[in-house]
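Visitor: Listed below are the residues making up each chain.
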Amino acid sequence: MAQPKRFKDGAVDRPVTAREASNLQVNEDMRFQERDWLGQRVGWFALALLLLAACLGLLGSGPLSQAERSDGRGFTIEYDRFVRHGAQTSLVLRAASHAVRGEQARVTVTRQFLATNDLQRSIPEPGAARGRSEEVELAYDTQPGEGLQVRWIVEPDELGRHATTFRLNDGPPVEIAQFTYP
Amino acid sequence: MESVIRAAVVYVVLLVLFRIAGKRSLAEVTSFDLVLLLIISEATQQAMIDNDNSMTNALLLVATLIGMNILLSVATKRWKSFDKLVEDVPLVILKDGAPIRERMRKERVDENDIMEAARATEGLERLDQIKYAILERTGHITIVPK
Chain A
1 MAQPKRFKDG
11 AVDRPVTARE
21 ASNLQVNEDM
31 RFQERDWLGQ
41 RVGWFALALL
51 LLAACLGLLG
61 SGPLSQAERS
71 DGRGFTIEYD
81 RFVRHGAQTS
91 LVLRAASHAV
101 RGEQARVTVT
111 RQFLATNDLQ
121 RSIPEPGAAR
131 GRSEEVELAY
141 DTQPGEGLQV
151 RWIVEPDELG
161 RHATTFRLND
171 GPPVEIAQFT
181 YP
Chain V
1001 MESVIRAAVV
1011 YVVLLVLFRI
1021 AGKRSLAEVT
1031 SFDLVLLLII
1041 SEATQQAMID
1051 NDNSMTNALL
1061 LVATLIGMNI
1071 LLSVATKRWK
1081 SFDKLVEDVP
1091 LVILKDGAPI
1101 RERMRKERVD
1111 ENDIMEAARA
1121 TEGLERLDQI
1131 KYAILERTGH
1141 ITIVPK
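If you read the sequences in order, they're chains A and V.
Using this note's numbering, you'd call the opening residue of the first sequence number 1 and step up by one each time.
Using this note's numbering, you'd call the opening residue of the second sequence number 1001 and step up by one each time.
If you are wondering where the hints come from, they were derived from the structure by calculation, not from laboratory data.
Zero decoy hints are in this set.
Computed list of lysine to aspartate or glutamate pairs in DMTMM-like fashion (alpha-carbon distance at most 20 angstroms, straight line): (1) 1106(V) / 28(A); (2) 1131(V) / 13(A); (3) 1084(V) / 34(A); (4) 1095(V) / 1113(V); (5) 1077(V) / 29(A); (6) 1106(V) / 9(A); (7) 1106(V) / 1088(V); (8) 1146(V) / 1116(V); (9) 1077(V) / 28(A); (10) 1077(V) / 1087(V); (11) 1106(V) / 13(A); (12) 1080(V) / 29(A); (13) 1146(V) / 20(A); (14) 1131(V) / 1102(V); (15) 8(A) / 1102(V); (16) 1131(V) / 28(A); (17) 1095(V) / 9(A).
Just chain A, same shape as in the assembly (with noise of 0.2 angstroms):
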């Protein structure tokens, strides 16, 4: 059993002996009880640091989540790294002026994407989409010099670590990962 705590006035904790605590048949156990004090404390500890993930952005949006990935050519995607089972995120697809060739952006995105997501709006809508065996393509009209810029809204289905190849017309690929919390 630990030892009496002095106070500062003096005073000092008298502990309760095993034969009064047998006496009042309570069941008390100091054993026990010390070191559920000490759970309590490391319980304390690892909710702070739950609650500081979450501000930081590890369990769902925030600033350690966003994120952005480039083909180096103009064509960029705006992306959080950790989003949420059932919870809507966004991406935001940006192609500059020079990236984007003829009155057409073709976004190719791959097929598993959008079986582990739900794409629930795409703001602007694409003109048309395509399905191949392993992509999907979808065709955004665009204005002779202006970028393009594109935002979708989707709600992710599957839980764990999913990754995803997108590509505008025949660029390179950007290859973003993406983590779904129950």
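Starting from the structure of chain A, add chain V where the hints point.
Guide: Only chain V this time, still in chain A's reference frame:
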């Protein structure tokens, strides 16, 4: 299957959280604690139901929660150490009118809390009229008068 898992996870997480919060966390329900309870139930409800408003889902959730409760009560009766882990142990916090301050500090109770219980249950007026004050597993303070 998903509803059962959801309810079970919520049950276990809430159990752990309230255990971390300590004996006194929701023992004395002040008006704010009541509001807190309502908010907690509202927040967990969303996680358990998840867009499925069917009667089957509701019944499954209730059945899972009650099932977990039965399971827990059976397990705590069978294994004493598990009982302590889940339900905590009582703690003597005052002996012969003298508060055991180190214990009270760790449990975040003070002499006013003890006197409140002493007045409410035994009609006592001073600490020195108390032989033992015990912080029970429920978070309530019980008083043994001299």
